[in-house]
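A.B. asks: If you count by full-length UniProt numbering, then the sequence shown holds residues 1 to 203, one letter each, in order.
Hints are supplied without guarantee of correctness; some may be wrong.
[Claimed, not checked] Label-pair restraints from in silico Cβ distances:
(1) E20 x P116: 38 to 46 Å
(2) Y191 x P129: 34 to 42 Å
(3) G57 x M1: 24 to 32 Å
(4) T192 x D23: 28 to 36 Å
[To be verified] As a list, the in silico EDC-like pairs of lysine to aspartate or glutamate whose alpha-carbon atoms are at most 16 Å apart:
(5) K138 x D122
(6) K138 x D77
(7) K190 x E130
For the record, the hints were derived by calculation from the structure and aren't laboratory data. Think of the CB as a built atom: it goes at the ideal place given N, C-alpha and C, for glycine as much as any other residue.
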Amino acid sequence: MFTGIVEEIGTVEAIEHRGEGLDARLQVRGPLVVSDARLGDSISVSGVCLTVTELPGDGTFSADVMPETLRRSALEDVGVTSPVNLERALPVGGRYGGHVVQGHVDGVGTILSRSPGPRWDDVEIGLAPELARYVAEKGSIAVSGISLTVTHVTDDSFGVSLIPTTLEATTLGTLAPGARVNLEVDVLAKYTERLLSTAGVLR
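Modelling step: build the complete structure from the supplied sequences, incorporating the hints.
C.D. replies: What follows is the structure in structure tokens.
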């Protein structure tokens with residue numbers, strides 16, 4: 001489990017496409033997140049939970065990305081030198097600063113617009129209507145692994161405000177309209193819908 005509090009911006013060092021391009025292996029530089037990493041550990045890469053498969057000892061780690069992950073996330077857009085948000089899994093007893101983030105991407109959104117303010121940016125992000133029903137004003141959503149508070153929501157978009165720390169310490173600080181981002185809605189909303197539907201409350 002993650003919290004959506006990005007620890008550092010990493011860099012994609014290499015991409016190896018395998019299996020006729022259906023899956024890939026990423027090598028990512030992230031000195032902080034690998035400082036205590038072990039093989040088999042989970043690291044969130046721009047909101048996608050990946051398993052560490054190699055630790056060369058040079059400040060990088062490798063992880064395999066399955067075809068399902070590439071289909072459902074914006075990781076297929078990254079290339080060598082691409083920046084990515086990195087977060088280690090939450091340790092037992094760790095500080096819980098964001099919200100429950102599983103690293104299981106629900107879909108891909110698109111930055112529609114950004115409006116700079118005196119010390120913040122207001123960003124509008126488009127998403128599929130089937131995901132929008134899980135998004136609530138003042139609720140939480142993970143955007144490329146970043147825990148953010150929703151400022152407003154429509155049938156096919158939502159807004160967030162980015163504080164200076166988010167602008168400086170995550171990839172959202174530089175993404176322009178048209179860029180794709182990974183979205184993970186609040187898992188509590190999905191479980192609530194599932195429980196109500198199986199109980200016959202929702203039809």
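A.B. asks: Take the hints in turn and mark each one as holding or not.
C.D. replies: Evaluation of the provided hints:
{"no.": "1", "hint": "E20 x P116: 38 to 46 Å", "result": "holds (43 Å)"}
{"no.": "2", "hint": "Y191 x P129: 34 to 42 Å", "result": "violated (20 Å)"}
{"no.": "3", "hint": "G57 x M1: 24 to 32 Å", "result": "holds (27 Å)"}
{"no.": "4", "hint": "T192 x D23: 28 to 36 Å", "result": "holds (33 Å)"}
{"no.": "5", "hint": "K138 x D122", "result": "holds (14 Å)"}
{"no.": "6", "hint": "K138 x D77", "result": "violated (29 Å)"}
{"no.": "7", "hint": "K190 x E130", "result": "holds (12 Å)"}
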